[in-house]
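Q: Sequence:
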Amino acid sequence: MKKTLKKLSDNQIEIKVTLEAPELKLAQDTAEKELIKDVKVKGFREGKVPKDVAKKNINQMELMNRTAELAINNALIVIINDEGIRPLLRPEVQLGNFTPGVKLDFTANFTVLPEIKLPNYKKLTTKKMPAEIRDEDIEGVIGNLLAGQAKKTAKKGKAELGDEVTIDFVGRFAKDDKEFPGGSGKDFPLKLGSNQFIPGFEEALVGAKVGQKFDIPLTFPKDYHAKNLAGQKVQFKTTVSKIHKLEQPELTDDFAASLGAPNVKTVQQLRDDIERELTMRAEYNINERFRNDLLDELVGKTNLEVPKPLIDDQIAAMKAEFNQNLTARGQKLEDFLKENKFKDEAAWVDKDLMPMAEKRVKAGLVVTKLAELEKIEISPQEIDGRVAAMQTQFSDPNLKDMYSTPDMRANIANQLAAEKTLVRLAELNG
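So the number in my numbering is just where the residue sits in the sequence shown, counting from 1, plus 57.
Since the hints were made in silico from the structure, they are not lab data.
Since this is a predicted model, take the numbers as computed values, not measurements.
One or more hints might be untrue.
[What the hints assert, rightly or not] In the BS3-like style, the derived pairs of lysine-lysine whose C-alpha atoms are separated by at most 30 Å in a straight line are:
(1) K232 x K395
(2) K180 x K395
(3) K395 x K64
(4) K376 x K395
[Unchecked claim] Pair by pair, the computed Cβ-Cβ distance ranges are:
(5) G257 x E484: 35 to 43 Å
(6) K302 x E196: 34 to 42 Å
(7) S66 x N468: 27 to 35 Å
(8) T156 x V406: 27 to 35 Å
(9) P437 x D401: 44 to 52 Å
(10) G250 x D458: 46 to 54 Å
(11) F379 x T156: 48 to 56 Å
All C-beta atoms, glycine included, are put in the ideal place defined by N, C-alpha and C.
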């Protein structure tokens, strides 16, 4: 076999190949064995035709085509192994001159993982922020604990700030009176003044009485997290079914001890315990943010041509996940595109999904390369530990078994490797 390699781009390789008599004879012998099984000759039962007779009756065009196919497949396997090629897709093959038993020319175009050269990932500029717990953070937790232990007393008068009202509500767009997903609730307990709802909703219920019905016109904030609701005029049809006066207990040592936390018997110990818990959470979040910010910086500094097939696969996965979420919320993609003023699905993909998909794929490739350079390895014991932790979340044995399949273990290993790699990146830049 003779071959010539040519790099067309960071992720495209062209290989011109010439196969000669030895490779072609091996492929032809295999092709003959396959085709002989299906040869039918008058006077012989199917499958009982003598080999020498069957060989003479093989369709020569089928033999030539199958020989070429087998010879090319065998050659591609050898080339991939010898050259260390990591193809993303089956190569595109163009057949050239073919003289049976003598010579076969073909060209293979491979889409491959690009060669990745990382910048100095041990001296990134991103800094980790310190964990700072404010007194008001601690007092906020204490306030929630007191509110959770509040005594409820049914109230016949008008609702006031600080009272809890139980409501049924349905939210509809003002423009067409259509109900919007996630905008309704039944027997929903709401403490007035808690700011659980958008501005204006709770204020409109101050002064309400049991059994009273309201139409509450409001406008969602322009920066609201749900794009389909941001800036939209809506109306909540609301009924108040119950009103309760809330009486919070006093913050005393007895209250602190009643919460049942180990080694907490006094208010000061309660505050200290809350501060420790908040600090642990803050440090966890800060470390997560630090690792992600480091990765963003490293990805931004890495020159890398992202293979289109990987981007296409990522977009397909993102679209499937997005459609599932829309279905769960009772929406259709057409409604989403219209509400967000996209011309069509292609415009949405180009504006929103394409940049996100490219960034995700690039980040994945960078993490894979970093794991290779830092020799990150995952042991079977680490996989077993993660599988066991995941299985405890399910009582259904079929779901438990799902996490022990080879494919799932491979996915878990990849996830653990990515996590371990980002921890290593943080250590190198700590």
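Q: Please verify whether K180 and K395 have alpha carbons no more than 30 Å apart.
A: 46 Å, violated
Q: Just tell me: holds or violated, for the beta carbon distance of G257 and E484 against 35 to 43 Å?
A: The hinted range 35 to 43 Å is violated for G257 and E484, with Cβ atoms some 49 Å apart.
Q: Would the hint linking K376 and K395 be met if the CA-CA limit is 30 Å?
A: 16 Å, holds
Q: So the hint says 27 to 35 Å: do the beta-carbon atoms of T156 and V406 match that?
A: 47 Å, violated
Q: Check the following: the C-beta atoms of G250 and D458 are separated by a distance inside 46 to 54 Å.
A: 49 Å, holds
Q: Given the hint of 34 to 42 Å, check if K302 and E196 actually sit that far apart at their C-beta atoms.
A: At 23 Å between Cβs, range violated.
Q: For the pair supplied as a hint, K232 and K395, is the alpha-carbon distance within the 30 Å limit?
A: Holds. K232 to K395 sits at ~14 Å (cutoff 30 Å).
Q: Does the Cβ-Cβ separation between S66 and N468 fall within 27 to 35 Å?
A: 30 Å, holds
Q: A range of 44 to 52 Å was offered for this pair. Does it hold for the Cβ distance of P437 and D401?
A: Check passed, 48 Å falls within 44 to 52 Å.
Q: With a cut-off of 30 Å on the C-alpha distance, tell me whether K395 and K64 pass.
A: Status violated; Cα separation ~44 Å.
Q: The hint says 48 to 56 Å between F379 and T156; measuring C-beta to C-beta, is that right?
A: 53 Å, holds
The structure is inconsistent with the numbered hints 2, 3, 5, 6 and 8, although it conforms to all the rest.
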